[in-house]
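> If you want the building blocks of each chain, they are given just below.
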Amino acid sequence: MDIKTNTLESVETRIQKAIDKAHASQDKLNAVVSFIDPCEQIENLKAIDKSAPLYGVPMALKDNINTKGILTTASSRILDNYVPVYDATIVKKLQQAGAISIAKASMDELGMGGTNKNAYRGEVHNAWDTSRISGGSSGGSAVLVASGVVPFAIGTDTGDSVRKPAAFNGVIGMKPTYGRISRYGIIPYASSLDHVGYFTTAIEDAALLLEVLAGRDDQDMTSSYRKVETYASNINADITGKKIAIIDNVQEGVEDSEIKANFQALMDKLVARGAIVEHIRFQDNLMQALFPTYYILANAEATANHSNLDGIRFGMREDGESVEDVMIHSRTKGFSSYVRKRFVAGSYSLFVENQEKVFRKAQKVRRLIVEEVQKKLDNYDVIIASASGNIAPLSENSADEALSNESMVTENHMIIGNFGGFPSITIPTGFVEGMPIAINMSANAFDEQVLFNIGKAIEEETKLKGNDSEVKA
Amino acid sequence: MNYETVIGIEIHCELKTKTKMFSSAPTSFGEVANTCVNEIDLGHPGTLPCVNKEAVRLALLAATALKCEIDPLIKFDRKNYYYSDLPKGFQITQQFHPIGSGGNISIDTPNGKKNIRINRMHMEEDTAKQFHSDAGTLIDFNRAGTPLVEIVSEPDIRSGAEAMAYVEKLRALLYYLGVSDVKMEEGSMRCDVNVSLREVGTQKLGTKTEVKNLNSISNVQKAIDAEVARQSALLDQGERVIQATRRYDETQKTTVLMRKKEGDVDYKFFPEPNIPPILLSDAWIKEIQDGMEELPDERKERYQSQFALNDYDADVLVANRELSNFFDEVCLHTKNYKKAANWTIVEVIAALNKANIKIADNPCNPVYLAVMINMVDNGEISGKQAKEVFEEIMLGKDPQKVVEEKGMKQMSDSSELLTLVTSVLDNNPQSIEDFKNGKDRAVGFLVGQVMKA
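For the record, the sequence lines run as chains A and B.
Residue numbering for the first sequence follows my numbering, starting at 1 and increasing by one per position.
Residue numbering for the second sequence follows my numbering, starting at 1 and increasing by one per position.
It is possible that some hints are incorrect.
To be verified - Only pairs whose alpha carbons sit at most 25 Å apart, straight line, appear in this in silico BS3-like list of lysine-lysine:
1. B:K397 - B:K335
2. B:K79 - A:K357
3. B:K335 - A:K357
4. B:K436 - A:K364
5. B:K53 - A:K227
6. A:K341 - B:K397
7. A:K361 - B:K79
8. A:K361 - B:K75
No lab work stands behind these hints: they were computed from the structure.
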């Protein structure tokens, strides 16, 4: 399915179909936190030109994207009654482009997690096999696109929270350059790593969406003044001479022979199309440091970012004798123990006695990693690797709390995109045991176009455009 | 025993901006509670700060006036602590890179001028206001996010009187620059003093206490004097001073314990990720500094060198920016600066006081006052008449019209005057006779006749 199909249907019919589908799949997938009544939005469409890029297109928003007057919980108990008083900048942009939001999609609590099992309203299931995880933290959004409910959905990506669930569910997951899309009105996880991203099933859609979402927003000082390009009409699948670097450190950790073979076959096809495919290797110690560095920085920022959730002005309030007690009780009850654990870790790294050797050191390591990656990107158009060494794990075997040194690099390499703010895209490339597998590519800052161009070539090779689980069924 | 008092002062000053430090909500004083707020001030999820350029401009002015070194790379940090008056759970401040550092300010003491070093000056945002009662706590978020500068002195101050002089000097400076309202009673300028004692001749600093909530300049001195008395009594008795935060109790005229300090609070400062470092261009900094209003010290210097005013007159004028501006206007239209100063300091002030009008609302046109002063100097009107004319000027009237209407123009052409006198004398031979016969009153009659003519 892609955005521009179904244009012969009336908007009402198209939206109703999407809503019906969402309801029908809810028991099975649990991807939705709240369903949105689209009447007002459809009414508002009258003021919008029919040629608007997303006119009448149904969409889902991750539940950390503020929607005025519509429950926005970020899958956290402490926000389970939170109704924002304002719209996120991207919500306004999407509305102006004619899109109709039909659902707020489930996520890991406050974006913390990679399984979507850590959600106050319950686990989200993989669109292709409900016994498997959707991945997270934007699991709900990924699954709603992968199950054909909506042609696109918005997510956010702090570590790989768009690109990993995209891989597990066989859809495209795009995370543009840091500052390309405004973060105003997005409930944060870690501000220096947070990106708005999105899911589609076609490269053209991914390019078109960026045209709608990107651009300077005076309410987000980190947003870029750089001109938004006409990515969609610029797409060019001729990749002759494009320099593509395979990240060996990542591929070495891929043990599944089918995934390996799929990856190699794709590389061969790109070479056949005229691309120059070479191997690179990042310093191993820096790659090993990716996850611990991420864990320290993300949680340090998160512990401050979420200090506003205290039950005083909004959200769940647990009463107490004094204002201080209200804050303590609300926070104790309002967060899962998993999130509280991360707050403790974040706080720990910021204490005066630890800050230099933990937080500041992590900042330095982040810088070293970014410099290392940039050095390679100076010589290549994109770096490429498997998005994961595995298909989506079985739910019973996965927990965010379990950390292992095994596949530390292969399963966490996409953090690179967040550290450096590099644009990064996950694209499905095939199936193993009936489950989707994918590659991930990253490029130099603001070179989203090259991702779309090479992505288009890949899409033509894999013929997985419009891939969703309904096709299989 | 003989003690030396060591005082350092931290001053928080609200900047006079239309909107808040990091949001577009209006700043306010005395507005209905929680009406000057938006989602950013309330710390709603997903909000992001946006730096107020005008606040940076004002901070830059203040830092320049304090002779600080300016850091053109503006950076902000988070100061993390939980308190119900702090909506985000952290305050955005400049911990690691203050906009100004290493300045100084000169104060007047009985022993002459003294330099007080400024450690740093940084920008930050204000907290909400809380009202505690038995029924519970009420919070007004209008103040939350108001731009502040914090000015931290080195411990160079040695007495309550010096402290008062320092605060007064800073207050005048910031007021002059239009940086702040500097109203201590309304909280737009707040002062915390750190006081410690040490034996005269020793170098090691004694244990300090911090006295907060000083809502007037005179209370700064009173509170310090009271705290010094308390600490020296303790030390004399061989007891020790306990590090604590205290407040000044006006009725008891003493400082009262608020809370003990159990080691420093760890605010877990770290750089604010949502505000990228902002590099101020040299051109912008220069434009602001060049456009900076004359500071009180410079003005006093000018009054003394250019206008030859005495110390007292210069001080009185400079102490009030509006009055001083008025005086400067007057001096653009008269060369008699001494008289201009006298009229401004004595008569204008008295008239305003009498009519209960603020100096800022002074109805007197400075050009008219200058014209009147010139009329006296040219002999067009007498000093006595001038007082009458002045009353009309204070009502906004043109002195030339007043003189015309009242027909009080003094004749200054002596030949014309001579003709007039001769004719009066010619018409009153009897009076001349009377005068010659010793009747002095006759002169009065003749003068009267001349004046009538």
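> All hints are to be evaluated individually against the structure, with a verdict given for each.
Hint-by-hint comparison with the structure:
Only pairs whose Cα atoms come within 25 Å are accepted, and K397 of chain B paired with K335 of chain B is accepted, the gap being roughly 22 Å. The straight-line distance between the Cα atoms of K79 of chain B and K357 of chain A is roughly 19 Å, inside the 25 Å bound, and the hint therefore holds. Using a Cα cut-off of 25 Å, the hinted pair K335 of chain B and K357 of chain A is violated, with the two alpha carbons roughly 69 Å apart. With a C-alpha separation of about 110 Å, the suggested pair K436 of chain B and K364 of chain A falls outside the 25 Å cut-off, and the hint is violated.
Our distance criterion of 25 Å between C-alpha atoms is met by K53 of chain B and K227 of chain A, whose separation comes to about 24 Å. With a CA separation close to 76 Å, the supplied pair K341 of chain A and K397 of chain B exceeds the 25 Å bound. Pair hint K361 of chain A plus K79 of chain B holds up; C-alpha atoms about 20 Å apart against a cutoff of 25 Å. Note on K361 of chain A and K75 of chain B: the hinted pairing holds, with a Cα-Cα distance of about 20 Å set against a maximum of 25 Å.
Of the hints listed earlier, those the structure fails to meet are numbers 3, 4, 6, in rising order.
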